[in-house]
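Engineer: Whole structure, please, built from the sequences with the hints as guidance.
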Amino acid sequence: MMKNNSIFLLLVIGLISNSQFIYGKKCFNNVNPPRPQPITLTYYLNVSDFARSFIAIPTSNVSTKSLTLASSYLAGRAPIYNSANKKAGTCSASFLNMKTKDGIFTDISNYISAENGLIVTWFTPTKLANLELDSIIHGMVTECLVTVTTKVGFSLFYGQKFNLVVSSKDGRIYFQFTSI
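Residue numbers for the sequence shown follow this note's numbering, so the first one is -2 and each next one is one higher.
No wet-lab data here; the hints were simulated from the structure.
No farther apart than 16 Å at their CA atoms in a straight line, the calculated lysine to aspartate or glutamate pairs in the EDC-like style are these:
| hint | residue 1 | residue 2 |
| --- | --- | --- |
| 1 | K124 | D104 |
| 2 | K96 | E129 |
| 3 | K158 | E140 |
| 4 | K83 | E112 |
| 5 | K84 | D46 |
| 6 | K166 | D131 |
| 7 | K166 | D46 |
| 8 | K148 | E112 |
| 9 | K84 | E112 |
| 10 | K124 | D99 |
Label-pair ranges, simulated between beta-carbon atoms:
| hint | residue 1 | residue 2 | range |
| --- | --- | --- | --- |
| 11 | S60 | S91 | 18 to 24 Å |
| 12 | N127 | S57 | 17 to 23 Å |
| 13 | Q34 | T56 | 45 to 51 Å |
| 14 | S89 | S57 | 20 to 26 Å |
| 15 | S91 | P35 | 26 to 32 Å |
| 16 | T87 | S57 | 27 to 33 Å |
| 17 | T146 | N79 | 19 to 25 Å |
| 18 | G150 | Q34 | 22 to 28 Å |
| 19 | T97 | E140 | 23 to 29 Å |
| 20 | E129 | S89 | 18 to 24 Å |
| 21 | T97 | T39 | 35 to 41 Å |
| 22 | P55 | T87 | 21 to 27 Å |
| 23 | S152 | T61 | 45 to 51 Å |
Where a beta carbon is used, it is the ideal one built from N, C-alpha and C, also for glycine.
Structural biologist: Given below as structure tokens:
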């Protein structure tokens, strides 16, 4: 009987002393586990490919007393390439442009679907200098936070958040995603 009590007592002491590790109170010697290094994914599209794909969607004022002086609605899509210059997916965007006495306002709806499962959408409201095609396309330049909220098939990125920087250089639009 004494032997059974001793084993039971040792078992209880062992559980109590190790319960802090089980419940995470002293996990990693009271140090938070290291955060994984952020990953950065970079893609680009050629502005010329994007411009050649554009379609115009007719617009007109609904009201005879409209404050809109001119409008256009364009949409386009082009392949995106990774840093190894290999085709990696598609970028699609639509541009609703409205000119009022206060300037030209554009609402851009952007979409990227990469072959690695990264699928994101974001909106870019901007004010343009003119309605020239080049000016409209470069209106995509922005910085925003995006969350991968769409999953088609398998995706390692579903639910992840990224800081997205969209920039323009040498006839290309760059998309740099950094995990946060």
